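Trainee: What follows is the residue order along each chain.
There are 2 protein chains.
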Amino acid sequence: MALEWTQVQKQRLKELNASKEQLNLVFESHADRDRAFQQQERLLVNQAKKKLSEFREVQRRPSLCELESKLVEALTEKGFVQVITPTIISKASLAKMSITDDHPLFSQVFWLDKKRCLRPMLAPNLYTLWKDLVRLWSKPIRIFEIGTCYRKESQGAYHLNEFTMLNVTELGLPENKRHQWLEDIASLVMDTAGITDYRLVTKSSNVYGDTLDVIKGFELGSGAMGPHVLDENWGIIDPWAGFGFGLERLLMAREGTQNVQSIGRSLSYLNGVRLNI
Amino acid sequence: MALEWTQVQKQRLKELNASKEQLNLVFESHADRDRAFQQQERLLVNQAKKKLSEFREVQRRPSLCELESKLVEALTEKGFVQVITPTIISKASLAKMSITDDHPLFSQVFWLDKKRCLRPMLAPNLYTLWKDLVRLWSKPIRIFEIGTCYRKESQGAYHLNEFTMLNVTELGLPENKRHQWLEDIASLVMDTAGITDYRLVTKSSNVYGDTLDVIKGFELGSGAMGPHVLDENWGIIDPWAGFGFGLERLLMAREGTQNVQSIGRSLSYLNGVRLNI
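Here the protein sequences come in this chain order: B and R. Read left to right, the first sequence gives residues 1 to 277 (my numbering). Read left to right, the second sequence gives residues 1 to 277 (my numbering).
So that you can see chain B by itself, here it is in the shape it has in the complex (with noise of 0.2 angstroms):
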């Protein structure tokens, strides 16, 4: 007989940043089962209390900040300068992103009213502040915004209501560039936040011309370019390449974290470690 966790015992050892192999043990008897789900919580608890103390006398930031520092240090070092734009946005600006009743993405918005949502990317005002840029300022235009961006998910290991993105750009550069851009992004990004062996995958779109993703047995961050079917809804006409990363799911690469929610915006969490112990 090999018997797995209930499914009680597995959710509470989740909550606790149990790891894969926690998760996957087996037992001979009910009896086994229930004595390792006691030694296993209490051996979490104390390393969740202990790491919480940690965090409170040393570290003192959660480290989606510290991350987001770290990156913002590492970008303005590059030439590239920080944006905050905000996070309720208009009905048209996402309509000139193709978003419209008949999208996947539409369903996942949350609305204020029947104009004004929350923004589920940073592109559309990135956009918008390309157009009054690249008159004022010489090519090319190099800008990034780190911000919350909300999408109604299903909650799951990997999504969260409210994420937090990354979006670089540089609008104004050789066409024969970009892809080079794209990778030296990719690889300024997993340094600072600590990442190594992921992968890069190219993948060609009708639509969206050529994309780059970065995997680490998940999706960690997507860059495009353009010239691009939608530029023309922004007034944009010059050759660009953007990134954007998830913040919570670059922590989770680095850290092994199993799921999404201990590292995002939480109550029932701090810097990781769950609050119910």
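No lab work stands behind these hints, which were simulated from the structure alone. The structure presented is a predicted model; accordingly, all values stated were derived computationally and were not measured. Hints may be right or wrong, so weigh each one.
Short, incomplete list of chain B residues facing chain R, as computed with Cβ under 10 angstroms [stated by the list, open to error]:
| hint | residue |
| --- | --- |
| 1 | GLU28 |
| 2 | MET165 |
| 3 | ASP231 |
Selected chain B positions facing chain R (Cβ under 8 angstroms, derived; list incomplete) [what the hints assert, rightly or not]:
| hint | residue |
| --- | --- |
| 4 | LYS50 |
| 5 | LEU52 |
| 6 | GLU54 |
| 7 | HIS159 |
| 8 | SER266 |
| 9 | TYR269 |
Covered stretches of chain R, as calculated for chain B (at least 3 residues, CB under 8 angstroms) [claimed, not checked]:
| hint | segment |
| --- | --- |
| 10 | 59 to 73 |
| 11 | 77 to 84 |
| 12 | 128 to 136 |
| 13 | 268 to 276 |
All C-beta atoms, glycine included, are put in the ideal place defined by N, C-alpha and C.
Following the hints, complete the assembly by docking chain R onto the known chain B.
Mentor: Just chain R now, with coordinates in the frame of chain B:
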């Protein structure tokens, strides 16, 4: 005859961050005024372009983000622990703050559905964390959050729909040290923000107890202390002190900016500079 700017002229000069003196100029004739407008506009546009260029070449981070980083550094240095909590909160947690239908703030809340809204303040989430942390950590518990809050505001010179709050709190300090604590925090935050000549105003309220406001022309921050009538809704029994500041207002006070829109999250302004120039 003493002519003022036309409404349209005044609006444009405000957008361009004209000083109080520039906004209050008076003229002898329409011709004088219109000539002066062209002059002032050209002057302000040139200043704006210069500022935008320095922003690109040197600063590279919005002042709002820089101020946030400085506050984080100053507070963690003093032993305060940073937290980041959800911007989407429950109707129930608003009710625990006594913000129900009959509360003036209620009509300013952005609702996502019947049960969820965008936080109009940081306090409910910090109360929630206090309750767990007071069980897990020795007292005093020192935590702070810096993050976006949302209110349907008239969008006047001092109000934004999305603004950045800092709440610094200490739970479990001696009652006789709370007032000094508030003064110390006000001083720390004002020093960090580079604001001198501010005033502290103590108010007493039957409902909310003593509060300490920081004023420089307008309200920059407001401190409160407990035991407090709301504490029992959250199961909190220890004395506490807490201070909330609006980061955009701190920047307005320091820079002498005439409109808060230019300093907050925006698509029309970049770091205080209007983009339609």
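Trainee: Hint by hint, note whether the structure agrees.
Mentor: Status of the hints after comparison with the structure:
Using the Cβ-Cβ criterion of 10 angstroms, the hint placing B/GLU28 at the interface with chain R is not satisfied: the shortest such distance is roughly 35 angstroms. For B/MET165, the shortest C-beta to C-beta distance to chain R is roughly 14 angstroms, which exceeds 10 angstroms, and the interface hint is violated. Using the Cβ-Cβ criterion of 10 angstroms, the hint placing B/ASP231 at the interface with chain R is not satisfied: the shortest such distance is roughly 18 angstroms. Proximity of B/LYS50 to chain R is violated relative to the hint, the smallest CB-CB distance being about 11 angstroms (cut-off 8 angstroms).
At about 6 angstroms, the closest approach between the beta carbon of B/LEU52 and any beta carbon in chain R falls short of 8 angstroms, and the interface hint on this residue holds. Hint status for B/GLU54 relative to chain R: violated, with the closest Cβ pair at about 11 angstroms, above 8 angstroms. Because the closest C-beta pair between B/HIS159 and chain R is about 14 angstroms apart, greater than 8 angstroms, the hint is violated. With its C-beta approaching chain R no nearer than about 7 angstroms, B/SER266 sits inside the 8 angstroms limit, and its interface hint holds.
For the restraint placing B/TYR269 at the interface with chain R, the shortest Cβ-Cβ distance is roughly 10 angstroms, beyond the 8 angstroms limit, so the hint is violated. Counting residues of the segment 59 to 73 of chain R whose beta carbon lies closer than 8 angstroms to any beta carbon of chain B gives 7, which meets the minimum of three for the stated coverage. Counting residues of the segment 77 to 84 of chain R whose beta carbon lies closer than 8 angstroms to any beta carbon of chain B gives 6, which meets the minimum of three for the stated coverage. Evaluation of the coverage hint for the segment 128 to 136 of chain R: fulfilled, as 5 residues show C-beta separations to chain B shorter than 8 angstroms, against a requirement of three.
By the rule of at least three residues with a Cβ nearer than 8 angstroms to a Cβ of chain B, the coverage given for the segment 268 to 276 of chain R holds, with 3 such residues.
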